[in-house]
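Required output: the full structure, derived from the provided sequences and hints.
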Amino acid sequence: MATVRLSFSPAPVHVRTARLVGVAVARRAGVREDLLDEVRLAIGEACTRAVALHRQYGLTDPVLVEMSDSGRYAVRVVDRAPIEASIGLHALNADQLANESLNEDDLTTGVGFALLAGFVDDLQVRPVDEGVGTEVRMVWPLNR
Amino acid sequence: MELSLATRTVGEHTVLEVGGEVDVYTAPRLRERLLELIDAGARHVVVDLGRVDFLDSTGLGVLVGALKRLRTADGSFALVCDKEPLLKIFRITALDQVFPLHPTVEAATGAGA
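Listed in order, the protein sequences are those of chains X and L.
With the numbering used here as the guide, the letters of the first sequence map in order to residues 31 to 174.
With the numbering used here as the guide, the letters of the second sequence map in order to residues 15 to 127.
Source of the hints: derived by calculation from the structure; they are not laboratory data.
Hints may contain errors.
[Stated by the list, open to error] Simulated crosslink set (EDC-like; lysine to aspartate or glutamate; CA at most 16 Å straight-line):
| # | chain 1 | residue 1 | chain 2 | residue 2 |
| --- | --- | --- | --- | --- |
| 1 | L | Lys102 | X | Asp64 |
| 2 | L | Lys102 | L | Asp53 |
| 3 | L | Lys97 | L | Glu31 |
| 4 | L | Lys82 | X | Asp136 |
| 5 | L | Lys102 | X | Asp67 |
| 6 | L | Lys82 | X | Asp64 |
| 7 | L | Lys97 | L | Asp67 |
| 8 | L | Lys82 | L | Asp53 |
| 9 | L | Lys82 | X | Glu134 |
| 10 | L | Lys97 | X | Asp64 |
| 11 | L | Lys82 | X | Asp135 |
| 12 | L | Lys82 | L | Glu120 |
| 13 | L | Lys97 | L | Asp110 |
The structure displayed is predicted, hence computed values, not measured ones.
Below, the structure is given as structure tokens:
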């Protein structure tokens, strides 16, 4: 059961709000203080990814963020983009990053995924149970 | 905190001091400023991240874009960063192997960056 639910129109300006709310709920839930920077970054990356997908597909549907703290701190970020958009999500190595032919959007996507995978031990990217879209699910332990 | 940008010259280097949050909303302003500097003839650019509180993949993408543009123009691009949380971001993304990273502006401008 979600303790806090936030939905926002897919505009970059709202990603900061989602980060702030996500960290505030994490702190309140009892996530260790030294993990909060990583929580902030990971929620930001997941929301940035969702906003980028909605803009890419011309979707005006809101991006949904659900935070729950039953036993652990779980955050779901749900987009409504076609599932094939998420295929091919992978981190890039140094040679690929420095390659002149890699465009900035693809680089940002690869770097964003590297940050999610690097900062979240318990990370899942999967299709939503109902309808079209993907959910990024991140879990952190609670210190209580 | 809002993005802040300030430029100064150190020898042949143009130093761009960045402060605040660099994210999907503010990164376009950073991109714009870097392009203005390069279009105006800056060839040795140092970006000082000393007052940056938050940096995401969009900001990193902008920095890589500037690095590539300057490399093509026979210029150079370096970063100043000594904050462990930011350094961790560079390590996790392997971008520490792509950018020259220096602890101080003096080191960046004196290292032939």
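Consistency of the hints with the structure:
1. L:Lys102 / X:Asp64: OK: Lys102 of chain L and Asp64 of chain X at ~13 Å, within 16 Å.
2. L:Lys102 / L:Asp53: With a Cα-Cα distance of about 31 Å, the restraint between Lys102 of chain L and Asp53 of chain L is violated, given a limit of 16 Å.
3. L:Lys97 / L:Glu31: Since the Cα atoms of Lys97 of chain L and Glu31 of chain L sit roughly 15 Å apart, the hinted pair holds (cutoff 16 Å).
4. L:Lys82 / X:Asp136: holds, 15 Å
5. L:Lys102 / X:Asp67: Holds: Lys102 of chain L and Asp67 of chain X sit about 11 Å apart, inside 16 Å.
6. L:Lys82 / X:Asp64: violated, 34 Å
7. L:Lys97 / L:Asp67: holds, 10 Å
8. L:Lys82 / L:Asp53: holds, 14 Å
9. L:Lys82 / X:Glu134: holds, 10 Å
10. L:Lys97 / X:Asp64: Measuring from Cα to Cα gives roughly 14 Å; hence the hint holds.
11. L:Lys82 / X:Asp135: holds, 14 Å
12. L:Lys82 / L:Glu120: Between Lys82 of chain L and Glu120 of chain L the Cα gap is close to 23 Å, so the pair fails against 16 Å, i.e. violated.
13. L:Lys97 / L:Asp110: Between Lys97 of chain L and Asp110 of chain L the Cα gap is close to 13 Å, so the pair holds against 16 Å.
Taken one by one, the earlier hints fail for this structure at numbers 2, 6 and 12, listed in ascending order.
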